[in-house]
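**Q** Got chain A sorted already, so can you dock chain B onto it with the hints?
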Amino acid sequence: MNITLNLEELTAMLLFGIGFTMLVFSRNLLKKVLGLNIIDTGVYLFLASMGYIEGNLTPIVPPTGPVDPGIYINPIPTGLVLTGIVVSVSFSALMLALAVRLYKKYRTLNLDEIYARCDREDGED
Amino acid sequence: MRFVENFPFITIVLSLFSAVICFALKDKRARFVSYSLLGAGILMSASVLVYNLTSETGYFVYRMGHYDAPIGNEIAAGVLEPFFVLLFEVMMLLSLLGGSYKIETDVEPSKHRLFCIMVNLTHAALTALCYTNDIFTAYVFVEICTIASCALLMARKRTRPLVAATRYMMFSLIGSSLLLVGIVLLYSVTGHLLFPQLYASIQALWTTGQYTLPLTVALGLIVSGLAIKSGLCPFHWWMRDTYATATPAASGILSGVISKAYIFLLIKIIGRVISREIYVQSGIHTVLLIFGVAGMMVGSLSAIQTHNLNFMLAYSSAAQIGYIYMGLGLGTDAALLASLFQMVAHALTKPMLFLSAMGLSDTVGKRQDFDALRGSAHWNPVAGIGYAAGALSMVGLPIFAGFIPKLLFSLSAFGHDWKTYVILVALAISTILNVVYFLRTMVNTYGPERVAMERRKITFRTARTFSVVVLIMALINLIVGLHAQPIISLFEKGIHIFTTIR
Chain A
1 MNITLNLEEL TAMLLFGIGF TMLVFSRNLL KKVLGLNIID TGVYLFLASM
51 GYIEGNLTPI VPPTGPVDPG IYINPIPTGL VLTGIVVSVS FSALMLALAV
101 RLYKKYRTLN LDEIYARCDR EDGED
Chain B
1001 MRFVENFPFI TIVLSLFSAV ICFALKDKRA RFVSYSLLGA GILMSASVLV
1051 YNLTSETGYF VYRMGHYDAP IGNEIAAGVL EPFFVLLFEV MMLLSLLGGS
1101 YKIETDVEPS KHRLFCIMVN LTHAALTALC YTNDIFTAYV FVEICTIASC
1151 ALLMARKRTR PLVAATRYMM FSLIGSSLLL VGIVLLYSVT GHLLFPQLYA
1201 SIQALWTTGQ YTLPLTVALG LIVSGLAIKS GLCPFHWWMR DTYATATPAA
1251 SGILSGVISK AYIFLLIKII GRVISREIYV QSGIHTVLLI FGVAGMMVGS
1301 LSAIQTHNLN FMLAYSSAAQ IGYIYMGLGL GTDAALLASL FQMVAHALTK
1351 PMLFLSAMGL SDTVGKRQDF DALRGSAHWN PVAGIGYAAG ALSMVGLPIF
1401 AGFIPKLLFS LSAFGHDWKT YVILVALAIS TILNVVYFLR TMVNTYGPER
1451 VAMERRKITF RTARTFSVVV LIMALINLIV GLHAQPIISL FEKGIHIFTT
1501 IR
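Quick mapping for you: the protein sequence lines, in order, are chains A and B.
If you read the first sequence in this note's numbering, its first letter stands for residue 1, the second for the next number, and so on.
If you read the second sequence in this note's numbering, its first letter stands for residue 1001, the second for the next number, and so on.
Treat the hints with caution; some may be incorrect.
[Claimed, not checked] Distance ranges between label pairs, derived from CB positions: (1) B:GLN1203 to A:PRO66: 30 to 40 Å; (2) A:THR58 to B:ILE1290: 21 to 31 Å; (3) A:TYR115 to B:ILE1432: 25 to 35 Å; (4) A:VAL100 to B:LEU1478: 27 to 37 Å; (5) A:SER92 to B:THR1286: 21 to 31 Å; (6) B:PHE1003 to A:VAL67: 42 to 52 Å; (7) A:VAL61 to B:THR1500: 51 to 61 Å; (8) B:VAL1020 to A:MET13: 37 to 47 Å; (9) A:LEU14 to B:VAL1468: 33 to 43 Å; (10) A:VAL100 to B:ARG1440: 21 to 31 Å; (11) B:PHE1017 to A:VAL61: 24 to 34 Å; (12) A:PHE25 to B:GLU1108: 46 to 56 Å.
[Said to hold, decoys possible] Reference listing, derived: stretches of chain A covered by chain B, where coverage requires no fewer than 3 residues with Cβ under 8 Å from a Cβ of chain B: (13) 17-26; (14) 46-52; (15) 56-64; (16) 80-94; (17) 110-122.
Don't read these hints as lab results, they were simulated from the structure.
For each residue, glycine too, the CB sits at the ideal point set by N, CA and C.
This is chain A alone, in the form it adopts within the complex:
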């Protein structure tokens, strides 16, 4: 495998790995949100690299004259990235709102501590 030809894909995989590790193993809520965003960045890089064709044009079709699809880059992955960004921003906003409310209540962002204190307060099971 030629690394230079797959640099974007390798970087995307690395970003995904870093983000996923943060999302799963970090106990800090804020770091988990960061992890989510790193995962998404990796996925968007992967998508964008798939649509990019070296030397081709931005897919804006001229108003007149014949259209040759062969001279443009693939616009579909770009559209997917835009949609994905909207989704990840919504998720991040919701997670940060949750983090703010939990911090106001418990004065910590450590999830283990939050779960333990919540269980103690309720005294359930």
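**A** Same frame as chain A, now just chain B:
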């Protein structure tokens, strides 16, 4: 194109628009708009179902803006899609109506409107998840569904739902990430997003032996992402707090409807994108079978150990989800039919159980522990009936909806070597465990009171909407249990369409 073919699109768009409109409305009007839209959705889904049942092919594709692939986006409806949308809409509406008086007290007055907006978004997402013919659109609506359901959970004015929402979000995010990577990987291999083109491309690649490993990894990621989101063991630990701490209407929607929508999407992807042959050849089904059986055991054992009614119902959901995955793990039409029926039985039963549990706990000052709930069925007879009907259905007593999938699972298990023994033993043990925890609590609620405490009598007259809704739910459960054949025939037709018409 017949006008009825526009109904799926109209339902999705109306739900999304009404979510925006509800921002500008007062609480009561917002609630009226949300509930009316669910009612309209029920009528439209029923129309699509009747249309497809009576049409020659039983299937249609709606092209958004009449653009073809790869630019266009599609909605496709066979028989299963409108049926499940109809089921989800009916159960959502009943859950909301039955739990409406609790929403008034559980949700902060300033957030009633937001609750309605989230109901609209959930409705739009569920409809889109069932009807979509595009895998990236499915991902987007999976995320919308997650955000809306999380907001429904957080709406309750206590701290514990916030903590539960955090846990729910963590598991959901892991599932979403895997799903997204799976979809992107699939796109990178095939270059398509629409189901028919994906199917053709995967078939061609698999037959020629090209990209077998990336395809298997992509399919594995998609399946595991949706399995995590729907709460398959060992990823079910978010369920207890999520289902037990939300307002009962939201608990019913989350456990009975939303988790099923993810599973329906998975079934649709297996049937229409992967194809059953490749799904079986890849070996993913065996993994699902093992985790499904584990879920049945772990969920039931956890339910036995707890002494809190809502926690017990939540753990029971994990066990019931395990049944569905056990059926998917066999990879045959008969087992798929059993899994589909299990989805119906669980969707019909679990919201009724959560509403009934709410009715019972309200008689004893909102306490949920078994000691306090002893004898509570005498103080709220309708909730007692609802709980008894739900418990008997979950146990698998003939005449209730829950019996049919157990029978279908048993019949479909034969002829699969070691899997036959695993499934039959798992079914036997799980049924015994179900009897232990459901019948114990059912007898408890009708038994003599042991704790001296102030109790509140709730009669049909004092909680009319709640009582009517619970009785309707019990009646539907009974009717489905007694007349299962039409639904089985419908599923057979639906599965045939899934696997033959592209």
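**Q** Which earlier hints can't be squared with this structure?
**A** 2, 4, 5, 6, 7, 9, 10, 12 and 15
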